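Respectively, the protein sequence lines represent chains A and L. The first sequence: position 601 = 602 (the numbering used here), numbered continuously. The second sequence: position 64 = 65 (the numbering used here), numbered continuously.
Don't take each hint at face value.
Claimed, not checked - PhoX-like, lysine-lysine: derived pairs with alpha carbons at most 20 Å apart:
#: 1; chain 1: A; residue 1: 710; chain 2: L; residue 2: 151
#: 2; chain 1: L; residue 1: 143; chain 2: A; residue 2: 649
#: 3; chain 1: A; residue 1: 64; chain 2: A; residue 2: 276
Claimed, not checked - Facing chain L, from chain A, some residues (calculated, C-beta under 7 Å):
#: 4; residue: 92
#: 5; residue: 205
#: 6; residue: 250
#: 7; residue: 252
#: 8; residue: 256
#: 9; residue: 673
#: 10; residue: 705
Hints were generated in silico from the structure; no laboratory data involved. Quick caveat: nothing in here was measured; it's all calculated off a predicted structure. Each residue gets a CB set at the ideal place from its N, CA and C atoms; glycine is no exception.
One-letter residues, chain by chain:
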Amino acid sequence: MSEKRKFNHINKNEIKVDGPSILKGKPVYTDDFDFPNALHVVLVRSTYPHAKIKKINTEKAIKVPGVVEVLTHEDVPQKIFTRAGQGYPEPSPYDSFILSKKVRYVGDPVAIVAAETINAARTAANKVEVEYEKLEPVLDFKKATVEGAPVIHDEEGTKDIHDPKKNIASHYEMEVGNTDEVMNSCDYVVEKTYHINTQLHAMMEPHVSISYYDSNGRLVVITSTQVPFHARRILSMLFDIPVRNIRVIKPRIGGGFGGKQAVHVEPYVTAVTLKTGRPARMVLERPEVSMATNIRHEMEFRATVGASKDGTIKALSLDGLSNTGAYGEHALTVFMVAGSKTLPLYNKVEAVRFRGDVVYTNLPPAGAYRGYGAPQGLFALDCVIDELAVELGVDPLELKQKNAIKEGETSPIFKIMGEGTEGVEQVVRSCKLDECIEKGRDLINWDEKIKDKEKTGKKVRGIGCALAMQGSGIAKVDMGAASLKVNEDGSVNLHLGATDLGTGSDTIMAQIVAETLDIPVNKVIVYSSDTDMTPFDVGAYASSTTYVSGNAVMKAAENLKNKIKEKAACYLNTNPENIGIKNQQAINKENGEKISFSDLFTKLFYTFEQEQLMASSSFVGNESPPPYLATFAEVEVDLETGKVDIIKIISFADCGTPINPIQAKGQLEGATMQGLGWALYEVVKYDRRGRMLTNDFFTYKIPSRRDYKKMECYLVDSYEPTGPFGAKSIAEIGIDTPIPAIANAIYNATGIRLRETPFSSEKLLMEILKKEI
Amino acid sequence: MKIKLTVNGKVHEVQIDPGEMLLDVLRRLGYKSVRRSCDSASCGNCTVLVGGKPILSCITFAASVNNCSIETVEGLSNIKELHPIQEAILEAGGSQCGYCISGLTLTIKSFLSENPDPTEEEIKKALVGNLCRCTGYESQIKAVKLASKKLRGEKK
Numbered sequence: 002m003s004e005k006r007k008f009n010h011i012n013k014n015e016i017k018v019d020g021p022s023i024l025k026g027k028p029v030y031t032d033d034f035d036f037p038n039a040l041h042v043v044l045v046r047s048t049y050p051h052a053k054i055k056k057i058n059t060e061k062a063i064k065v066p067g068v069v070e071v072l073t074h075e076d077v078p079q080k081i082f083t084r085a086g087q088g089y090p091e092p093s094p095y096d097s098f099i100l101s102k103k104v105r106y107v108g109d110p111v112a113i114v115a116a117e118t119i120n121a122a123r124t125a126a127n128k129v130e131v132e133y134e135k136l137e138p139v140l141d142f143k144k145a146t147v148e149g150a151p152v153i154h155d156e157e158g159t160k161d162i163h164d165p166k167k168n169i170a171s172h173y174e175m176e177v178g179n180t181d182e183v184m185n186s187c188d189y190v191v192e193k194t195y196h197i198n199t200q201l202h203a204m205m206e207p208h209v210s211i212s213y214y215d216s217n218g219r220l221v222v223i224t225s226t227q228v229p230f231h232a233r234r235i236l237s238m239l240f241d242i243p244v245r246n247i248r249v250i251k252p253r254i255g256g257g258f259g260g261k262q263a264v265h266v267e268p269y270v271t272a273v274t275l276k277t278g279r280p281a282r283m284v285l286e287r288p289e290v291s292m293a294t295n296i297r298h299e300m301e302f303r304a305t306v307g308a309s310k311d312g313t314i315k316a317l318s319l320d321g322l323s324n325t326g327a328y329g330e331h332a333l334t335v336f337m338v339a340g341s342k343t344l345p346l347y348n349k350v351e352a353v354r355f356r357g358d359v360v361y362t363n364l365p366p367a368g369a370y371r372g373y374g375a376p377q378g379l380f381a382l383d384c385v386i387d388e389l390a391v392e393l394g395v396d397p398l399e400l401k402q403k404n405a406i407k408e409g410e411t412s413p414i415f416k417i418m419g420e421g422t423e424g425v426e427q428v429v430r431s432c433k434l435d436e437c438i439e440k441g442r443d444l445i446n447w448d449e450k451i452k453d454k455e456k457t458g459k460k461v462r463g464i465g466c467a468l469a470m471q472g473s474g475i476a477k478v479d480m481g482a483a484s485l486k487v488n489e490d491g492s493v494n495l496h497l498g499a500t501d502l503g504t505g506s507d508t509i510m511a512q513i514v515a516e517t518l519d520i521p522v523n524k525v526i527v528y529s530s531d532t533d534m535t536p537f538d539v540g541a542y543a544s545s546t547t548y549v550s551g552n553a554v555m556k557a558a559e560n561l562k563n564k565i566k567e568k569a570a571c572y573l574n575t576n577p578e579n580i581g582i583k584n585q586q587a588i589n590k591e592n593g594e595k596i597s598f599s600d601l602f603t604k605l606f607y608t609f610e611q612e613q614l615m616a617s618s619s620f621v622g623n624e625s626p627p628p629y630l631a632t633f634a635e636v637e638v639d640l641e642t643g644k645v646d647i648i649k650i651i652s653f654a655d656c657g658t659p660i661n662p663i664q665a666k667g668q669l670e671g672a673t674m675q676g677l678g679w680a681l682y683e684v685v686k687y688d689r690r691g692r693m694l695t696n697d698f699f700t701y702k703i704p705s706r707r708d709y710k711k712m713e714c715y716l717v718d719s720y721e722p723t724g725p726f727g728a729k730s731i732a733e734i735g736i737d738t739p740i741p742a743i744a745n746a747i748y749n750a751t752g753i754r755l756r757e758t759p760f761s762s763e764k765l766l767m768e769i770l771k772k773e774i
Numbered sequence: 002m003k004i005k006l007t008v009n010g011k012v013h014e015v016q017i018d019p020g021e022m023l024l025d026v027l028r029r030l031g032y033k034s035v036r037r038s039c040d041s042a043s044c045g046n047c048t049v050l051v052g053g054k055p056i057l058s059c060i061t062f063a064a065s066v067n068n069c070s071i072e073t074v075e076g077l078s079n080i081k082e083l084h085p086i087q088e089a090i091l092e093a094g095g096s097q098c099g100y101c102i103s104g105l106t107l108t109i110k111s112f113l114s115e116n117p118d119p120t121e122e123e124i125k126k127a128l129v130g131n132l133c134r135c136t137g138y139e140s141q142i143k144a145v146k147l148a149s150k151k152l153r154g155e156k157k
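Turn these sequences into a full structure, and let the hints guide you.
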């Protein structure tokens with residue numbers, strides 16, 4: 002049931018509140034701030050994938066003119082922690098140190114150099130002499146648990162590592178019903194193995210942090226982060242500084258995609274500031290961003306689907322292996338999401354099973370990345386169902402649609418699987434997946450193209466589809482808060498912890514306040530992500546900002562509205578119930594007498610019932626309403642070269658009410674392009690010693706403007722009753738579908754199933770030659 | 002060594018290290034809109050205009066543009082108003098994190114001055130050296146088309 006709701010400021014393409022300053026080139030990103038006295042910090046990094054540090058000789062480095070400090074593991078606290086930016090206690094293994102006595106991947110930090118100039122720091126870093134005792138590395142995640150494999154985390158004091166002796170960081174399993182039994186009773190069973198490779202975030206702004214003591218002796222850290230409050234807590238714990246003496250500020254940042262949902266740089270600058278008393282600045286170079294922060298969890302799934310001959314999917318099973326690299330931040334949670342945000346899509350099964358191990362390797366640590374496990378799980382799930390359709394002789398789109406979850410339904414997995422813990426039972430209150438499917442099917446001309454494959458000479462076209470869901474925050478875990486105060490001109494200051502990483506959250510929050518109070522958006526002054534000045538927020542991840550932080554903002558605005566009504570009632574000599582709010586005025590509905598907000602707020606400052614009107618609220622979701630997505634891909638395969646060209650990729654999404662349609666669409670478009678790159682162009686390669694070779698934009702190919710022909714993204718009309726003005730989320734889901742949709746399209750075009758990403762021309766050509774098409 | 006740079010019409014006489022890149026000199030002079038992203042001439046984020054043509058400032062020696070006229074985005078707008086290209090980018094949703102935007106804006110400016118009414122293909126080709134990870138490029142194509150209309154006076 003689609004309803005058109007009339008809003009004044011919601012579902013409107015307001016210009017981003019930070020837009021003009023960014024377009025004008027104002028100094029708003031972390032590295033744009035001048036700190037003339039700041040030391041430049043550079044890290045010495047391991048050149049071996051697995052080794053014990055026997056000795057570090059810093060003599061020559063210290064002698065370089067301009068060098069102030071060279072710190073090794075002996076000079077920094079040896080507290081064990083997780084870098085992951087998650088709620089406390091974090092559901093990730095505690096297996097990391099600021100500087101460890103052992104190195105576990107090529108790029109692992111070994112020493113911290115601080116100098117007056119960046120050149121002195123780099124020169125000195127090259128003069129630090131490290132004596133290693135080399136150890137055998139594990140460079141293949143399928144060999145991590147093999148008998149006799151070297152143990153990567155053998156140190157004392159680790160926590161929550163499932164089985165360190167076998168390099169298993171995390172393990173998870175769950176089952177509903179008896180999967181094996183139900184599978185055996187099915188008319189059709191398809192079992193296939195899918196492998197999805199790692200991926201780099203490749204955000205345009207490299208990681209950067211600046212730390213300094215303010216005039217009150219408090220530590221201030223300005224940093225490009227998605228998680229300022231988690232960063233504060235982690236720094237407090239690592240360095241034994243009370244939280245009250247630390248301030249973390251996130252200014253404008255240049256993208257993250259999950260790559261900044263961890264503390265990558267902050268501990269190093271903090272260590273220097275603590276030691277020297279001076280400001281410290283560290284900017285990662287692009288190769289460091291690529292190989293020494295976090296990457297995507299590489300995964301392999303054995304997917305099994307069982308169905309009856311009428312096309313009802315009765316059982317599903319995903320057996321997985323995930324590569325978490327050298328350290329385990331986000332290890333368990335990403336793996337769980339591969340099941341929790343995919344399997345509920347096909348909720349009519351009698352049995353479902355999800356299990357697997359997350360293993361350590363001596364490769365760069367994996368971490369949070371848009372989609373957070375769902376794209377990996379969906380590749381396996383969607384494609385195995387697509388393959389089932391072939392066995393059944395039915396249209397894959399029809400098969401998926403028939404078995405997909407509908408509005409009003411639920412899945413037992415919602416309750417069983419959360420992120421790192423149990424989940425929360427919920428009923429799907431809004432799901433316009435059917436409309437997404439119908440509109441997409443129409444636009445790409447599915448019914449015609451699925452039957453008649455276009456072939457011109459040696460080029461053949463095909464189409465494929467994929468369906469997805471995600472979530473909106475982690476129910477009963479993610480919390481956001483906001484506060485408001487009024488000014489004489491009828492404007493309000495909005496302070497909130499929620500983190501805008503270019504996503505436009507500052508803007509949509511202003512729109513939410515504007516709508517609630519019926520004031521123009523430009524009268525809402527937003528300030529966000531400063532742990533001193535703004536209330537708590539978990540940060541930007543799990544697609545939580547619009548739904549969780551947005552609800553907090555809406556509730557704070559409603560609280561403020563009530564206070565305005567009370568004061569206006571007092572002034573207009575009536576009761577608050579008689580006061581209406583419209584167009585920046587409070588009106589007595591009985592006699593039409595009114596007072597403007599600016600008039601009222603001015604009087605409230607100076608002459609009448611003096612009070613600073615303020616209001617605040619927190620919000621934590623009781624559920625995590627999923628957005629839904631249907632993606633259709635049309636590819637053209639050159640049978641002589643194996644090259645895959647994207648002719649068209651079309652996505653229709655249900656994100657509830659889009660607070661700002663252009664921004665919401667922008668999230669979907671960006672995520673789709675990122676998924677497209679992952680499917681076809683983005684390959685991470687290591688040398689035989691585990692050193693990442695593809696660590697810059699020459700060698701790691703993110704999509705350019707000419708790498709696709711047509712991409713069209715649309716939002717369907719929907720309304721989520723528990724969301725702020727009906728909103729859900731949109732930020733991640735777009736990246737879930739391109740890989741399966743393209744794989745399915747390649748099959749449709751050529752009859753070849755590629756079950757390993759990326760879908761390179763070499764791979765496809767080999768298969769084409771084998772099949773002699 | 003000393004060089005002379007005219008940036009957005011303002012003359013700077015500046016002491017540089019011979020090995021310094023234009024990007025760092027410009028940032029030292031306060032033009033923070035010029036930013037480092039890949040540091041290897043493969044993303045276009047650091048683009049500035051020299052003699053009206055886009056160049057990559059992260060690999061251009063400052064000394065090599067001695068006595069040249071340079072444009073950065075700080076020169077495009079004044080205190081009150083945005084340049085039509087900047088307006089168009091905002092209206093079309095072409096800026097998310099914004100980190101690629103300075104370089105992109107200047108490339109667009111140079112391109113539209115030579116091709117005031119481009120096709121979509123021509124836009125994609127001209128801007129192929131400006132990578133963006135956030136937007137997926139579609140909104141930026143719309144932005145360029147809108148900007149071209151504004152510059153031709155067909156739209157405000």
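Checked hints:
At most 20 Å may separate the alpha-carbon atoms for a hinted pair to count; residue 710(A) and residue 151(L) exceed this at roughly 26 Å. Note on residue 143(L) and residue 649(A): the hinted pairing holds, with a Cα-Cα distance of about 18 Å set against a maximum of 20 Å. About 18 Å separates the Cα atoms of residue 64(A) and residue 276(A), which keeps this hinted pair within 20 Å; it holds. For residue 92(A), the interface hint is violated, since its Cβ never comes within 7 Å of a Cβ in chain L; the closest pair sits about 28 Å apart.
Because the closest C-beta pair between residue 205(A) and chain L is about 4 Å apart, less than 7 Å, the hint holds. Interface hint at residue 250(A): violated, since its Cβ lies 17 Å from the closest Cβ of chain L, which is beyond the 7 Å cut-off. Hint status for residue 252(A): violated, given a least beta-carbon distance of 12 Å to chain L, over 7 Å. Because the beta carbon of residue 256(A) sits about 4 Å from the nearest beta carbon in chain L, less than 7 Å, this interface hint is met.
At its closest, the beta carbon of residue 673(A) sits 6 Å from a beta carbon of chain L; the interface hint therefore holds under the 7 Å criterion. Below 7 Å, beta-carbon pairs count as interface contacts, and residue 705(A) has one with chain L at about 5 Å; its hint therefore holds.
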